[in-house]
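Asker: Here is how the chains run, residue by residue.
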Amino acid sequence: MRDRYEAVDGNVYAEWWQEQFATPQATLSGCSFWRRGRHSIWIAAGDVDPGALAPVDGVGIPFLRIAREVWKPTLVAVIEFGLEARRNTVDLDRDECARFLDRETIEFGDARGDLQNRGYVISRHAGVPIGCGLWRRGSLESAVPKGRRLTEVDLPRSSPWLKSDGPRYVELWADARQRDEGDPRGIVEEG
Amino acid sequence: MTTRQCTCGVVSVVLDLASHREYGGGVCSGAMEETACRLERYRDLVDDWDALLEASRRPLPLVVWENPLRRAHVEQLALASGLNATASIGDLLQTRGFDVGSLAWRGDAWRVGGLDKPGRTLEHYLGLMHVQEEVSLAPSTVLGAQAGETILDFCAAPGGKTACIAVGMDNRGTVVANDLRPQRLRPLRANCERLGIRNVVITPINGTRFPLDAGPFDRMLLDVPCSCEGNLRDSRPAPHGAAWGAVDGRGGLQATLLGRAWKLLRPGGVMVYSTCTFAPEENELVLDYALGADATIEPFAIDGLRHDPGVTIWAGRSLRPDCANLARYWPHHNDTGGFTIARVRKAVIDA
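Protein sequences, first through last, are from chains A and B. Quick note on the working numbering: the first sequence kicks off at 1 and runs consecutively. Quick note on the working numbering: the second sequence kicks off at 1 and runs consecutively.
Hints were generated in silico from the structure; no laboratory data involved. Backbone N, C-alpha and C fix where the C-beta goes; we use that ideal spot for every residue, glycine too. It cannot be assumed that every hint is accurate.
[Unchecked claim] Simulated coverage check for chain A against chain B, where a stretch passes if three residues somewhere in it have a Cβ under 8 Å from a Cβ of chain B:
1) 31-44
2) 55-63
3) 73-86
4) 121-134
5) 139-153
[Stated by the list, open to error] Covered stretches of chain B, going by a simulated chain A footprint (3 or more residues, C-beta under 8 Å):
6) 85-96
7) 110-122
8) 172-186
9) 190-203
10) 209-216
[Said to hold, decoys possible] Residues from chain A that keep clear of chain B, each with C-beta distances beyond 10 Å, as calculated:
11) R4
12) V8
13) D9
14) Q18
15) E104
16) E107
Extracted from the complex, chain A is given alone in its bound form (with noise of 0.2 Å):
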């Protein structure tokens, strides 16, 4: 818990953000980035500055895991920072969001199978952004952390907007980094 937060340019993982979710350049714009030992990227806001503090055990929120291929927001990152995200987004229903943030798998089992990409995208329900998921063939596995794990959820009251209004997927490439140029893949569904 007690790993060096060293200042980074953030710019390498701003661009990726806006790449792959297509939020407004001011989503991230003054924001500080932090590297905590070799995998854990953090934001936090722009005059935040730990200084001669130590230890310290955090600055600002998680934002970005870049272990692997296929660089994971957080799950605080999504919430905080996709509300406005255009790109690689999926709608779930009342049903699909109890599911969702019960840490399960959620099939679509249609044409977004064909897709050869996997990343993480934003998962809403509502409108607001409840986390990510593993988008592969078609199918969305949860990325909700065990410790966020809800079991039973209280939805807010459903409406009729919920379910049918706005398309269920938007721009769905599934991970920027691994998308080839001139072949977004992208695929728009009309409401």
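Following the hints, complete the assembly by docking chain B onto the known chain A.
Answerer: Here is chain B on its own, set in the frame of chain A:
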């Protein structure tokens, strides 16, 4: 079952911890004698003794506050639920059928009846709201942190008061949230992350040896470990294992923490010293001992939240006169837990 001998030796009470929890808070009838006995030393300070004991029996109301950092998310959920975009978390919970009532002194927090498991709601999961005992919201109001300032929360875990302070700063400035206790750092981090607080640095440093070159800070909160007498309506055990009501000489540690923290406060800065206990030994006497001529305990009032003044004489000892400006919150006055708050300003040194 736990047998506890009352300190005055008069009453021996069996405190059934299992039934204590089943009540959902409050003190079960078998322990009322102990409550009355432990608080007897404050009888002269209390205007309505019977009302205090009656309040002790009742469970605490559940209170939630809305996270201003997640306003856009609340709007989105409100629209999805068929409400206006200006709807609050209180409105959202009301549409679910919960009994929601505003607080007299804050428009962004509500008492919610019938909400047994707030942690299971989507709103809590998303960090749109936080559950916190009502009177413990007061220190951040008294502190008055402004966006862009540097704030030190000296004994921050589990992070409710830290969060109250930080969310009011619009993620500008820095809040250093410090706590020595390793087992309490996890909920501190979890709360800050869940609420999307990005201007917090968490440090696990022994407050008595906090580095002086980390300062000076514009404001600080010193919510010290105490004997937790004010938790008499709370079903949960005291956070640091204190036997309830054991005024057991914590004054030394509290004074040491205060002395160290004072050196980290900039001239002109504000410190809020608070405890969840009534004992003057842990409040006025600590302030009287540790504060010098460069400190002023300032008067304050929160409109809609009644308090009693501090004492300037206790156990035959005269204290600094501005101890009267301390605020003591009794459970029966506002239907809350017990709390004590002092707002202290450090003098500006003339050049």
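Asker: Next, verify each hint and record whether it holds.
Answerer: These are the hints, each one checked on the structure:
1. Coverage of the region 31-44 of chain A by chain B holds in this model, with 3 residues showing a Cβ closer than 8 Å to a Cβ of that chain against a need of three.
2. With a threshold of 8 Å between beta carbons, the proposed coverage of the region 55-63 of chain A by chain B holds, since 8 of its residues qualify and at least three are required.
3. By the rule of at least three residues with a Cβ nearer than 8 Å to a Cβ of chain B, the coverage given for the region 73-86 of chain A holds, with 4 such residues.
4. With a cut-off of 8 Å between beta carbons, the region 121-134 of chain A has 5 residues touching chain B; three or more are needed, and the interface restraint holds.
5. Counting residues of the region 139-153 of chain A whose CB falls under 8 Å from any CB of chain B gives 5; the rule of at least 3 is met.
6. For a cut-off of 8 Å, the count of residues in the region 85-96 of chain B with a CB near a CB of chain A stands at 3, and the three-residue condition holds.
7. Taking a C-beta to C-beta cut-off of 8 Å, the region 110-122 of chain B contributes 4 residues in contact with chain A, enough for the three needed, and the coverage statement holds.
8. For the region 172-186 of chain B, the proposed coverage by chain A is satisfied: 5 residues have a C-beta within less than 8 Å of a C-beta in that chain, meeting the threshold of three.
9. Counting residues of the region 190-203 of chain B whose C-beta lies closer than 8 Å to any C-beta of chain A gives 12; at least three are required, and the coverage claim holds.
10. With 3 residues carrying a beta carbon less than 8 Å from a beta carbon of chain A, the region 209-216 of chain B meets the three-residue requirement, and the given coverage holds.
11. Separation of A/R4 from chain B is adequate, the least Cβ-Cβ distance of about 13 Å exceeding the 10 Å criterion.
12. Distance to chain B confirms A/V8 as a non-interface residue, since its nearest Cβ pair spans about 16 Å, more than 10 Å.
13. At the 10 Å boundary, the C-beta of A/D9 stays outside the reach of chain B, the nearest C-beta of that chain being 18 Å off.
14. Every beta carbon of chain B lies more than 10 Å from that of A/Q18, the smallest distance being close to 18 Å; the non-interface claim holds.
15. Listed as a non-interface residue, A/E104 keeps its Cβ farther than 10 Å from every Cβ of chain B; the least gap is roughly 16 Å.
16. With a cut of 10 Å on Cβ distances, A/E107 stays outside the contact zone with chain B, its closest approach being about 23 Å.
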